[in-house]
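*Asks:* First to last, the protein sequences are chains A and B. FYI, in my numbering the residues of the first sequence are 1 to 360. FYI, in my numbering the residues of the second sequence are 1 to 360.
Hints listed in this document are in silico derivations from the structure and should not be mistaken for laboratory results. Only true hints are included.
Same chains, same label: a pair holds when it works inside one copy or across any pair of copies.
Straight-line C-alpha distance at most 20 Å; calculated SDA-like pairs for lysine to any residue:
no.	residue 1	residue 2
1	K116	N219
2	K106	T222
3	K109	G218
4	K45	R311
5	K116	I167
6	K45	G331
7	K116	I220
8	K106	T228
9	K116	G218
10	K45	K315
Note that the structure is a prediction, hence the values are computed from the model and not measured.
So the chains spell out like this:
Protein chains: 2
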Amino acid sequence: MENRIHNFNAGPAALPLPVLEEIRNSFLNFNGSGMSITEISHRSKGFEAVLNDAVTRTKRLLKLNDQYEVLFLQGGASLQFCMIPLNFLSQGGSADYVNTGTWAAKALKEAQIQNKPVKVAASSEDRNFCYIPQNIAFNKEAVYVHLTSNNTIKGTQWASLPDTGKIPMVIDMSSDIMSRPVDMEHIGMIYAGAQKNIGPAGACMVIIRKDLLDLCPGNIPTMLNYRTFAEKNSMYNTPPCFGIYTISLVLKWLEETVGGLEKMDALNRQKADLLYSFMDNSGFYKATADKGSRSLMNVTFRLPSEDLEKRFIAKAAENHLGGLKGHRSVGGCRASIYNATGLNAVSDLVAFMKEFQSQA
Amino acid sequence: MENRIHNFNAGPAALPLPVLEEIRNSFLNFNGSGMSITEISHRSKGFEAVLNDAVTRTKRLLKLNDQYEVLFLQGGASLQFCMIPLNFLSQGGSADYVNTGTWAAKALKEAQIQNKPVKVAASSEDRNFCYIPQNIAFNKEAVYVHLTSNNTIKGTQWASLPDTGKIPMVIDMSSDIMSRPVDMEHIGMIYAGAQKNIGPAGACMVIIRKDLLDLCPGNIPTMLNYRTFAEKNSMYNTPPCFGIYTISLVLKWLEETVGGLEKMDALNRQKADLLYSFMDNSGFYKATADKGSRSLMNVTFRLPSEDLEKRFIAKAAENHLGGLKGHRSVGGCRASIYNATGLNAVSDLVAFMKEFQSQA
Numbered sequence: 001m002e003n004r005i006h007n008f009n010a011g012p013a014a015l016p017l018p019v020l021e022e023i024r025n026s027f028l029n030f031n032g033s034g035m036s037i038t039e040i041s042h043r044s045k046g047f048e049a050v051l052n053d054a055v056t057r058t059k060r061l062l063k064l065n066d067q068y069e070v071l072f073l074q075g076g077a078s079l080q081f082c083m084i085p086l087n088f089l090s091q092g093g094s095a096d097y098v099n100t101g102t103w104a105a106k107a108l109k110e111a112q113i114q115n116k117p118v119k120v121a122a123s124s125e126d127r128n129f130c131y132i133p134q135n136i137a138f139n140k141e142a143v144y145v146h147l148t149s150n151n152t153i154k155g156t157q158w159a160s161l162p163d164t165g166k167i168p169m170v171i172d173m174s175s176d177i178m179s180r181p182v183d184m185e186h187i188g189m190i191y192a193g194a195q196k197n198i199g200p201a202g203a204c205m206v207i208i209r210k211d212l213l214d215l216c217p218g219n220i221p222t223m224l225n226y227r228t229f230a231e232k233n234s235m236y237n238t239p240p241c242f243g244i245y246t247i248s249l250v251l252k253w254l255e256e257t258v259g260g261l262e263k264m265d266a267l268n269r270q271k272a273d274l275l276y277s278f279m280d281n282s283g284f285y286k287a288t289a290d291k292g293s294r295s296l297m298n299v300t301f302r303l304p305s306e307d308l309e310k311r312f313i314a315k316a317a318e319n320h321l322g323g324l325k326g327h328r329s330v331g332g333c334r335a336s337i338y339n340a341t342g343l344n345a346v347s348d349l350v351a352f353m354k355e356f357q358s359q360a
Numbered sequence: 001m002e003n004r005i006h007n008f009n010a011g012p013a014a015l016p017l018p019v020l021e022e023i024r025n026s027f028l029n030f031n032g033s034g035m036s037i038t039e040i041s042h043r044s045k046g047f048e049a050v051l052n053d054a055v056t057r058t059k060r061l062l063k064l065n066d067q068y069e070v071l072f073l074q075g076g077a078s079l080q081f082c083m084i085p086l087n088f089l090s091q092g093g094s095a096d097y098v099n100t101g102t103w104a105a106k107a108l109k110e111a112q113i114q115n116k117p118v119k120v121a122a123s124s125e126d127r128n129f130c131y132i133p134q135n136i137a138f139n140k141e142a143v144y145v146h147l148t149s150n151n152t153i154k155g156t157q158w159a160s161l162p163d164t165g166k167i168p169m170v171i172d173m174s175s176d177i178m179s180r181p182v183d184m185e186h187i188g189m190i191y192a193g194a195q196k197n198i199g200p201a202g203a204c205m206v207i208i209r210k211d212l213l214d215l216c217p218g219n220i221p222t223m224l225n226y227r228t229f230a231e232k233n234s235m236y237n238t239p240p241c242f243g244i245y246t247i248s249l250v251l252k253w254l255e256e257t258v259g260g261l262e263k264m265d266a267l268n269r270q271k272a273d274l275l276y277s278f279m280d281n282s283g284f285y286k287a288t289a290d291k292g293s294r295s296l297m298n299v300t301f302r303l304p305s306e307d308l309e310k311r312f313i314a315k316a317a318e319n320h321l322g323g324l325k326g327h328r329s330v331g332g333c334r335a336s337i338y339n340a341t342g343l344n345a346v347s348d349l350v351a352f353m354k355e356f357q358s359q360a
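Here chain A stands alone, though its shape is the one from the complex:
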């Protein structure tokens, strides 16, 4: 097992071991080409098959109908924050944003930098973003509603998506894409930096409903226009080949080993339940998010003191449990339990937490 540890990193994060092994085993000679996946032409049949495989598997896993295009871009979710208002608000109109924490606020800020008319439809800032707002009155004229489905820093997640009626939702799913099935009914676009649930840093998946492409203007930079990527099957210029390749293998693992998103969801719930239940009953570890808003992906929690937290994180690392430090902006602890972090990792973590508590 090459002395691997249990990886609770928030992103870049754990990848399925069989995926890493396949990459390693074929790294000097991809698919009989005599070249590494990093050396083959993006215009070759070999790479085209990889790209199309990633697209097809995405469509199957999320049960997308023909109205959606699956694209691969670069620049992470952060570049999407600026592309979304640039593409969708150039022909007029305004957008609603829901502010559920750091990343949602950054998405909003990039619309404001461009002087686009945007409104905060709801916010959970009043209680330090420890919950997901409910019963939101969206502006019926909004061009889109922007949401962050899972908040990695604050440890909250939308248990179910709101009903926005005819307004398409544009959702940053960077940290929970492919972790559960998604009801696409009101969704205009999903975007996700790959480095949490589906691949390495450096590739960004965009799933866009075709009617939204009509909003994209012709006079913006080519590389910032969604139509460029839709018209060229993500290959206007050289795409992030290694990232797309890794994504295709992760999606294959999701389909063929895990058995699809319903099964992945069930396993993810089992992992999260194990950890939250233990903490709720511990009288020692305290989850920071409200119960109805807890993230199944990023379990944020505190110990009775910062000193104990420091010792907890250090001691955990000695026990091959890595990445448990909370985000530097909020402190505390965080166990990110994305798809590739298995139930055994969570069991081992809970066992360690019990022991640490008994000795504290």
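Start from chain A and add chain B according to the hints.
*Replies:* The following block gives chain B in isolation, referenced to the frame of chain A:
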């Protein structure tokens, strides 16, 4: 040797075998972390060391003084095409562009899309871009002069850079960065998609002189502002970690195995001379670029007929010589002989070319 072939791809292209082997050998456990390089946090000490190593080696190899910052972005050179005018022409002024072919023209077009005042200072379009313009009269008031140092499609390269006096050059070196020493005297910025000479697709190196950062406005999208990357050591958001890691290994190979850019240059000249001399004397293969403008990186050539070219490319592939097809926009043949394509690969290619000619 895992049945590897000689790789003459134009990009993504060959990488040094020792680099690929090191990536493979540590792929499940990077530097004792118990995690893959694709799984470690970009905020970890382990990754920070990788990033700083890539920056330091770049500065050493190119003999950069303290006035230059080395940054890593995403989006390839194509995203730079729009970022350059957006950052440098927002406070007024115009820029000169030299049109030496497809990529230079695309860079120009992205400035025009933004309605920035740009001028074509020189062009080699009159003879289908088979030469590099000389004795160019640049506009003395230009904010910058944009050049493409090597033209992958047309097979031309600036033998030496022009003297632009006080006007900083902004140079797309995607296909010849780190292939030879560079006189930085008049250079304001160098940028390069990694996938030809320094790494895999998905990372873009930007070397920028600090005074140019003062031109970058405050009211443009954060991810499109060079100052964002300079102020955050390329880590405003998650960088393309695997790409930067691979680049650091390629630069290590350049320093420690090759012995620096003077030695790399000598070897590259030897490779190119071998191929061009053979063709010039063959009476069969005909290089397409003018003699004083020939690329040391991309050797473009024709055979007496398109039918022969088709057979040549197919027969070469059977002989483990891959990637010899010319760009789809120009046809013909092309042997890209970047840093990682060794002298033995070129010798084997020449031997094959002799045999093919004798049987044609």
